[in-house]
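Just need the whole structure built from these sequences, with the hints factored in.
For the record, the sequence lines run as chains A and B.
The first sequence begins at 1 in my numbering and counts up one residue at a time.
The second sequence begins at 1001 in my numbering and counts up one residue at a time.
Worth flagging that the hints you see were computed from the coordinates, not collected in a lab.
A hint or two may mislead.
Here are the simulated lysine to any residue pairs, SDA-like style, with alpha carbons at most 25 angstroms apart [unchecked claim]: (1) Lys115(A) to Asp1113(B); (2) Lys58(A) to Glu1301(B); (3) Lys4(A) to Glu1117(B); (4) Lys58(A) to Glu1092(B); (5) Lys1119(B) to Pro88(A); (6) Lys63(A) to Glu1117(B); (7) Lys59(A) to Ile1096(B); (8) Lys58(A) to Ser1226(B); (9) Lys115(A) to Glu1092(B); (10) Lys1119(B) to Tyr108(A); (11) Lys1140(B) to Lys116(A); (12) Lys58(A) to Glu1117(B); (13) Lys1132(B) to Gly26(A); (14) Lys58(A) to Ile1154(B); (15) Lys115(A) to Thr1041(B); (16) Lys58(A) to Thr1185(B); (17) Lys1118(B) to Ala15(A); (18) Lys1082(B) to Lys116(A); (19) Lys116(A) to Ala15(A); (20) Lys118(A) to Ile1096(B); (21) Lys4(A) to Ala1114(B); (22) Lys59(A) to Ala1095(B); (23) Lys1140(B) to Gly1121(B); (24) Lys58(A) to Lys1118(B); (25) Lys116(A) to Asp1113(B); (26) Lys1118(B) to Lys100(A); (27) Lys1118(B) to Lys63(A); (28) Lys1140(B) to Lys115(A); (29) Lys1118(B) to Lys59(A); (30) Lys100(A) to Ser1098(B).
Okay, here's what each chain looks like letter by letter:
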Amino acid sequence: MAKKILMIEDDTTLANNLSAVIRQGGFEVFVSNDGETGFRQAQEKRPDLILMDLVLPKKHGFKIMEDLQKSPELATIPVIVLTNLETPHDVERALSLGAKAYLVKANYSLNEILKKVKEVSDGTN
Amino acid sequence: MNTNNLSSALNVSARCRDLHVSLWQCPHFLFIVMGAVISTTILLTYVVAKFYAEPETVVSIIFVVTVFLFVVGNAVIKAFEKVAEASQLKSEFVAIISHELRNPLSSIKWQIDALMEKKEGLTSADFVPAMKIVNHSNEKMIGLINDLLDINRIEDSRFQLSPAIFSMNELTDEIVSVYEPIAGTSNLKFILLAPKSPLWVMADKIKVKSVISRFIDNAIRYSTSSGEITISLEDIGSHIKWSITDQGAGIPVKEIQNIFSKFFRASNILKYQTEGLGVGLYLSKYIIEATGGTVGFRSLEGHGSTFYFTVPKSKA
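Below is the structure:
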């Protein structure tokens, strides 16, 4: 069965572009456009990996990660942060909240992100 | 150190100007004051001790000078704090700017990426939407850079207006027609209340256009999902009053005084949730006041806001 990826990204064009590439890579992809829906989807779909932005409407990425950590079933889901914020403080905080990777959107191509998604989701088997 | 470096190190007032602080808040200047006080005191104490031999006087001079140095020393610490704070603000600013610039940049990058993936069999159905996004992202970046340059010009007192006569109704119509489709996607409707005859004003048209665009943009951004945005134009004697009312989030009472300051974002809209630098109202206020008008607003948290500005009518 294809692995499930949950993508939380408010920029719909970015979300469309990236989800198409990840689907082609053989994954099942769910997209949420805001933080609240994203967290709810995480509870409902139990994805194998979460790929998310930090700057999100309704619920900031850090808050989502904190809430994931609080739930024993959700805490084990690997998270990749995909954002355009890059202050040392943001990176540190994301990693301390358990992010498996911190990718800066502007520095990665769609295929490089797909590669990272594969790497991280394989690593958890 | 070559002579050039030496002379620039000695040119204290230029260095203080570079730091954007006044002389009495500038560490370089305060150090020179301290140095001058210490050398004068040493000489004075020497003279007093040698010719008058009064220990009490010497002690009092030293006491007074110590108090003075303590005060200046404190000012130096304050000055350093101010400079350090400015540098911290600067790095926060760089973080916000790079985030704001990277968003459109990554949109463009991924758009091109997606097109390259397809390579063969690309049709106009692939190109047109992609080019629209590229174009939109590009415009966003140009707007951002223009705002930054304007702020820089204001800070260096180089900001200039080129006033001309134009009709406020016509300009408003023009801008509203650009924003109508954008508002439509959020189920927002514009209501325009203006007299039919042209309201002639004397102002910098491009700058006033940027003010109107920002006000409309804010009204859309801070509006809840559907509703009306009312724009009205009024002749109030010497000026034309332009105002816009939304049914959005409103502004929290305790933040009202900060609304026109640089980098302000209402806290009831999550930080970073909306795009932009938070400089729109600051720039708008500056432009309108430089034109000879006023800017203001009324707001009720949870019930929306009205923003208005006035510009002088043309005398012709």
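Each hint tested on the structure:
1. Lys115(A) to Asp1113(B): holds, 15 angstroms
2. Lys58(A) to Glu1301(B): Measuring from Cα to Cα gives roughly 18 angstroms; hence the hint holds.
3. Lys4(A) to Glu1117(B): Holds, at about 23 angstroms.
4. Lys58(A) to Glu1092(B): holds, 23 angstroms
5. Lys1119(B) to Pro88(A): violated, 38 angstroms
6. Lys63(A) to Glu1117(B): Not OK: Lys63(A) and Glu1117(B) at ~35 angstroms, beyond 25 angstroms, violated.
7. Lys59(A) to Ile1096(B): Within the cut-off at roughly 19 angstroms; holds.
8. Lys58(A) to Ser1226(B): holds, 17 angstroms
9. Lys115(A) to Glu1092(B): violated, 32 angstroms
10. Lys1119(B) to Tyr108(A): With Cα atoms ~19 angstroms apart, Lys1119(B) and Tyr108(A) stay inside 25 angstroms; holds.
11. Lys1140(B) to Lys116(A): Given that 25 angstroms is the threshold and the Cα spacing comes to 29 angstroms, the pair is violated.
12. Lys58(A) to Glu1117(B): Cα-Cα ~33 angstroms, so violated.
13. Lys1132(B) to Gly26(A): Cα-Cα ~29 angstroms, so violated.
14. Lys58(A) to Ile1154(B): Roughly 35 angstroms between the alpha carbons, so the hint for Lys58(A) and Ile1154(B) is violated.
15. Lys115(A) to Thr1041(B): violated, 72 angstroms
16. Lys58(A) to Thr1185(B): Holds, because 19 angstroms separates the two Cα atoms, which is no more than 25 angstroms.
17. Lys1118(B) to Ala15(A): Holds - the C-alpha atoms of Ala15(A) and Lys1118(B) are around 18 angstroms apart, at most 25 angstroms.
18. Lys1082(B) to Lys116(A): Violated. Lys1082(B) to Lys116(A) sits at ~44 angstroms, over the 25 angstroms cutoff.
19. Lys116(A) to Ala15(A): holds, 16 angstroms
20. Lys118(A) to Ile1096(B): violated, 31 angstroms
21. Lys4(A) to Ala1114(B): It holds: about 22 angstroms lies between the C-alpha atoms, which stays within 25 angstroms.
22. Lys59(A) to Ala1095(B): OK: Lys59(A) and Ala1095(B) at ~21 angstroms, within 25 angstroms.
23. Lys1140(B) to Gly1121(B): violated, 30 angstroms
24. Lys58(A) to Lys1118(B): Status violated; Cα separation ~35 angstroms.
25. Lys116(A) to Asp1113(B): The given pair, whose Cα atoms are some 17 angstroms apart, holds under the 25 angstroms limit.
26. Lys1118(B) to Lys100(A): With Cα atoms ~30 angstroms apart, Lys1118(B) and Lys100(A) exceed 25 angstroms; violated.
27. Lys1118(B) to Lys63(A): violated, 37 angstroms
28. Lys1140(B) to Lys115(A): Roughly 30 angstroms between the alpha carbons, so the hint for Lys1140(B) and Lys115(A) is violated.
29. Lys1118(B) to Lys59(A): violated, 35 angstroms
30. Lys100(A) to Ser1098(B): Judged against 25 angstroms, a Cα distance of about 24 angstroms means the pair holds.
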